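**Q** Listed here are the chains, written in short residue letters.
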Amino acid sequence: MSYLEDDLRMALRRAEPSADFMDCVLARVNQPPPPEPSWWERLTVLLRPPRLQWVAACVILGVMVPAGVQYRKQQRMRAEGEKAKEQLMFAVRVAGNKLHRVQQKVLEMGRMETRL
Amino acid sequence: MVFGLAYHFLHDRAVAEELAQEVFLELYRHFGTIESPQHLVFWLRKVTSRRCIDHTRRRAFWPKLRLDEVPEPASPARLADPMLSRALARLVASLPERAKLVVILRYQEDLDPVDIAQVLDMPVATVKSHLQRSLAMLRDKLARTIGEIAI
Amino acid sequence: MKILLILAVCMLAGGLGRGQVVDLKHLDRLAAKASETADVTLDGSLLKLGAKFLSNDDPDQAKVKKLVAGLKGIYVRTFEFENEGEYLESDVASIRKQLQAPGWSRIVGVRSKKDGENAEVYLKTDGPDGGLAIICANPKELTVVSIVGKIDLDELSELGHLGVPKIELEKPKPPGKKDDD
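Chains as they are written, first to last, in numbering that gives the first Met the number 0: chain A, 0 to 115; chain B, 0 to 150; chain C, 0 to 180.
Accuracy of the hints is not assured; some may be wrong.
Computed list of lysine-lysine pairs in PhoX-like fashion (alpha-carbon distance at most 20 angstroms, straight line) [to be verified]:
1. C:Lys32 / B:Lys140
2. C:Lys71 / A:Lys82
3. C:Lys65 / A:Lys82
4. A:Lys82 / C:Lys51
5. C:Lys47 / A:Lys82
6. A:Lys82 / C:Lys64
7. C:Lys64 / C:Lys51
8. C:Lys24 / C:Lys71
9. A:Lys82 / C:Lys62
10. C:Lys51 / A:Lys72
Calculated from the model, a selection of chain B residues having no Cβ within reach of chain C, i.e. all distances over 10 angstroms [claimed, not checked]:
11. Ala13
12. Glu17
13. Glu21
14. Phe30
15. Thr32
16. Met82
17. Arg85
18. Pro95
19. Glu96
20. Arg97
21. Asp111
22. Lys127
23. Leu130
Derived by calculation from the structure, the hints in this document are not laboratory data.
Note that the structure is predicted; figures quoted are calculated from it, not measured.
Every residue, glycine too, gets a C-beta built ideally from N, C-alpha and C.
All chains should be modelled from the sequences, with the hints used to inform the complete structure.
**A** Structural data, given as structure tokens:
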């Protein structure tokens with residue numbers, strides 16, 4: 000087994016998704032599919048007066064846009080949080096790695112002194 | 000596993016999560032076709048791999064960094080070095096799509112070439128060739144700084 | 000003139016107030032020469048945000064979460080170079096000088112002629128915030144870690160499987176206590 004392969008196993012070890020990953024999947028699973036419009040409904044859309052359609056579109060946008068903005072904000076927060084978490088784990092690993100090397104050297108020197 | 004595969008392929012956490020969610024949604028829709036736990040694992044790997052490749056093909060404007068453009072990591076150490084791991088993960092992410100998947104399935108999932116060939120619908124010889132060439136490229140980048148790497 | 004004096008006092012006070020944070024800004028210029036760089040600056044709300052996303056279900060993350068609960072900042076600068084001599088001794092010396100300030104104790108110093116690596120560990124026990132600083136320098140790599148806040152060395156050493164070893168570092172004796180010889 001080569002060192003490169005060991006290093007690759009280390010570098011490519013399984014990563015964990017965010018804590019609410021399963022909740023997101025379940026939320027998407029439980030979302031009811033939009034109902035198929037009947038031929039009559041499709042026809043009435045064409046016959047409906049344009050003004051009413053505009054009003055309806057504005058109302059929907061008025062609800063969807065803030066919701067969309069809020070969703071994007073949450074997504075951004077989540078991405079920032081995950082990034083900060085990764086950096087934190089990385090920083091602790093680097094600190095640990097360096098401390099371990101210091102310890103190894105101290106132990107090595109202790110062994111050499113014992114032999115002398 | 001699913002997220003890990005997507006993450007190491009795409010090297011983008013948010014996109015990998017999105018992709019992983021889609022895989023599980025697809026699993027939910029096709030759950031009736033799953034025959035066994037082993038089939039489930041195989042199915043997840045196969046679908047995740049396919050979606051990863053589909054994703055990169057859709058996003059053809061991604062600036063692909065060629066392996067020779069990625070800066071070489073300097074002085075990696077034998078101890079589990081977080082810097083080396085990061086550099087290696089970046090090098091792997093810059094491999095061509097199919098080769099990248101082969102490497103990830105080999106070293107993240109510990110699959111042998113026959114299993115990888117089944118997941119990716121690829122001849123075993125092609126899998127082995129991808130592995131050999133990718134390792135050679137990665138070894139070349141690293142060996143310049145740490146000397147001969149024994150295989 | 001008076002305004003300049005007030006400004007100078009404010010700057011000095013600001014500097015003193017942040018004295019527990021090791022200033023690593025002068026190392027930023029090394030990034031241009033390095034083939035690999037890691038730059039982590041986590042303090043204040045960003046540190047809290049990162050800690051918030053640590054999972055209690057993952058044992059490693061849960062331990063890190065507990066460790067960083069009392070911390071105010073974590074700063075890491077790592078530079079890896081293709082050639083030797085890309086950073087100056089003065090780059091390291093200026094960090095050491097900061098760590099000679101009152102309250103800091105050098106608890107481990109290791110110098111290896113074989114691979115040219117110098118490693119030092121400093122601990123801050125004075126003042127409202129504790130701290131830990133690590134300097135690892137070899138001809139092709141420079142790493143500085145600065146942690147601000149109360150560190151429990153026993154908790155830190157428990158994270159052995161993350162690469163943080165169980166080490167028995169001798170905690171600096173309070174002034175006035177003598178060794179039993």
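**Q** Decide, hint by hint, whether the structure agrees.
**A** Evaluated hints:
For a cut-off of 20 angstroms, the pair hint linking C:Lys32 to B:Lys140 stands: about 18 angstroms separates their Cα positions. For a cut-off of 20 angstroms, the pair hint linking C:Lys71 to A:Lys82 stands: about 18 angstroms separates their Cα positions. Annotation: proposed proximity of C:Lys65 to A:Lys82 holds, straight-line Cα distance about 19 angstroms (limit 20 angstroms). For the proposed pair A:Lys82 and C:Lys51, the alpha carbon gap of about 12 angstroms is at most 20 angstroms, so the pair holds.
The suggested pairing of C:Lys47 with A:Lys82 holds, with an alpha-carbon distance near 12 angstroms, which does not exceed 20 angstroms. As the CA atoms of A:Lys82 and C:Lys64 are separated by approximately 15 angstroms, the hinted pair is consistent with the 20 angstroms bound. For the hint linking C:Lys64 to C:Lys51, the alpha-carbon distance of about 8 angstroms falls within 20 angstroms, and the restraint holds. Proposed proximity of C:Lys24 and C:Lys71 is supported: the alpha carbons are some 18 angstroms apart, at most 20 angstroms.
With a CA separation close to 19 angstroms, the supplied pair A:Lys82 and C:Lys62 stays within the 20 angstroms bound. For the given pair, C:Lys51 sits about 17 angstroms from A:Lys72 by alpha-carbon distance, which is consistent with the 20 angstroms threshold. For B:Ala13, the non-interface assignment is confirmed: its Cβ lies about 13 angstroms from the closest Cβ of chain C, beyond the 10 angstroms cut-off. No Cβ of chain C approaches the Cβ of B:Glu17 within 10 angstroms, the least distance being about 18 angstroms, so the stated non-interface status holds.
With a least beta-carbon separation of about 22 angstroms from chain C, B:Glu21 lies farther than 10 angstroms from that chain, consistent with its non-interface assignment. Once the 10 angstroms rule is applied to beta carbons, B:Phe30 is consistent with being away from chain C; the minimum gap is 25 angstroms. Listed as outside the interface, B:Thr32 is consistent with that label: its C-beta sits roughly 31 angstroms from the nearest C-beta of chain C, beyond the 10 angstroms cut-off. The non-interface label for B:Met82 is inconsistent with chain C: the shortest C-beta to C-beta separation is roughly 6 angstroms, within 10 angstroms.
Once the 10 angstroms rule is applied to beta carbons, B:Arg85 is inconsistent with being away from chain C; the minimum gap is 7 angstroms. Distance check on B:Pro95: its Cβ is at least 23 angstroms (rounded) from any Cβ of chain C, clearing the 10 angstroms threshold; non-interface status holds. Remark: the non-interface label on B:Glu96 is consistent with the geometry, its nearest Cβ contact in chain C lying 25 angstroms away (cut-off 10 angstroms). At roughly 27 angstroms, the least C-beta separation between B:Arg97 and chain C is larger than 10 angstroms, which holds for a residue marked as non-interface.
Its beta-carbon lying about 28 angstroms from the closest one in chain C, B:Asp111 satisfies the requirement of being farther than 10 angstroms from that chain. The claim that B:Lys127 is not at the interface with chain C holds, since no C-beta of that chain comes within 10 angstroms of its own (minimum 31 angstroms). For B:Leu130, the shortest C-beta to C-beta distance to chain C comes to about 25 angstroms, beyond the 10 angstroms cut-off, and the non-interface label holds.
Hint compliance for this structure: hints 16, 17 are broken, all remaining hints hold.
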